[in-house]
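J.: Sequence:
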Amino acid sequence: MRRMLWAVGAIALATMMGCAGASVKTYAKPPAGQRQYGKVKKVAVLPFDSVVEGAQAPRIAGDLFLQELLNRGTFDAVEEPRYVNELMKKLKLRNTEGLDREIVRKMGEELQAQALILGDLLVFGQEENSEIVEFALQVNMIDTESGDILWSGRTYAKSSTTLGEILGVNQGPSPNDVAARGVARLVARLDSEFRAAREAEVQRMLEAAKAAELAGEEGAPAPAEEGKPAEPEVAPEKQTEEILLQVKPK
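Per our numbering, the very first residue in the sequence shown carries number 1; after that it's consecutive.
It should be emphasised that the hints constitute simulated quantities derived from the structure, not laboratory data. Incorrect hints may have been included.
Under the rule of at most 16 Å between Cα atoms (straight-line distance), these lysine to aspartate or glutamate pairs were calculated in the EDC-like manner [to be verified]:
no., residue 1, residue 2
1, 41, 80
2, 39, 76
3, 41, 191
4, 39, 199
5, 39, 109
6, 29, 148
7, 25, 193
8, 90, 110
9, 41, 199
10, 42, 80
11, 89, 110
12, 90, 102
13, 106, 145
14, 42, 110
15, 42, 191
16, 90, 109
Quick list of the computed label-pair ranges, beta carbon to beta carbon [stated by the list, open to error]:
no., residue 1, residue 2, range
17, 200, 87, 31 to 41 Å
18, 204, 132, 44 to 54 Å
19, 53, 208, 45 to 55 Å
20, 129, 51, 17 to 27 Å
Glycine is no exception: its CB is placed at the ideal position from the N, C-alpha and C atoms.
Please model the entire structure based on the sequences and the hints provided.
T.: Next comes the structure, spelled out in structure tokens:
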């Protein structure tokens, strides 16, 4: 009888606990008929800002993000925050709040990066009077040429109490564990959406080249001046090849 009651109680507890929550929301600037995603070969990750108390939390979040980004291989090169920090000191920037389009452009030139990645740590740790661990991070990617936001994403993750924790058998996930899960999902979305945007951009440029080719076929070629040879035409296949070389993703 006791064994049955214990089993029923365990099932009830498991039902009330629920699953660990996690969500990611993103925004990507729509691909245009020009190179805005394909040109991004190198990005620079700035030291993350934070509204959370303590100096270690934003550094931990930044390190987790950097490692995930390097593992994904979305970009040819990634400038680490420790190197970017030296440039920020040179420009007398204490954090990213002082960034404007001109400073973004200068940083892009100095770092030879086509985009900057800024992070704001919003939540990191346990809720007050609770064992639940929460993590929230906002990331923006800025085009260093235009100063526009190319991609933006926010991730939120939290732990949930397990049966083992309630019974005192084991401990729950640490803040670093929850943060790693939230960052991994955010970078996965960045990678997939950025690659998709590159492909869409290539397709748009190929369609534009094809339309120009058809328009050229409809009109008669201009006659060459007397005594002057006509300039050689560029083959459509060569135009397509040049476009692919310009925007070919990694």
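J.: Is the hinted pair residue 41 and residue 80 satisfied, with a Cα-Cα distance of at most 16 Å?
T.: Holds - the C-alpha atoms of residue 80 and residue 41 are around 15 Å apart, at most 16 Å.
J.: Please work out if residue 39 and residue 76 have their alpha carbons no farther apart than 16 Å.
T.: holds, 11 Å
J.: Quickly compare the C-alpha distance for residue 29 and residue 148 to 16 Å and report which way the hint goes.
T.: holds, 9 Å
J.: Starting from residue 42, check that the Cα of residue 110 is at most 16 Å away, please.
T.: With a Cα-Cα distance of about 12 Å, the restraint between residue 42 and residue 110 holds, given a limit of 16 Å.
J.: Given the hint that residue 90 pairs with residue 110, does the C-alpha gap stay at or below 16 Å?
T.: Holds: residue 90 and residue 110 sit about 11 Å apart, inside 16 Å.
J.: Within 16 Å, alpha carbon to alpha carbon, are residue 90 and residue 102?
T.: holds, 15 Å
J.: Does residue 199 sit within 16 Å of residue 39, going by the straight-line distance between their CA atoms?
T.: holds, 12 Å
J.: Are the Cα atoms of residue 42 and residue 191 separated by 16 Å or less?
T.: Holds - the C-alpha atoms of residue 191 and residue 42 are around 14 Å apart, at most 16 Å.
J.: For the pair we were handed, residue 90 and residue 109, check the Cα-Cα distance against 16 Å.
T.: holds, 14 Å
J.: Between residue 53 and residue 208, is the Cβ distance one that fits in 45 to 55 Å?
T.: For residue 53 and residue 208 the Cβ distance comes to about 51 Å; the hint holds.
J.: Checking one constraint from the list: CA of residue 25 to CA of residue 193, max 16 Å. Satisfied?
T.: holds, 12 Å
J.: Do the Cβ positions of residue 129 and residue 51 conform to the proposed distance bound of 17 to 27 Å?
T.: holds, 20 Å
In summary, this structure violates none of the numbered hints.
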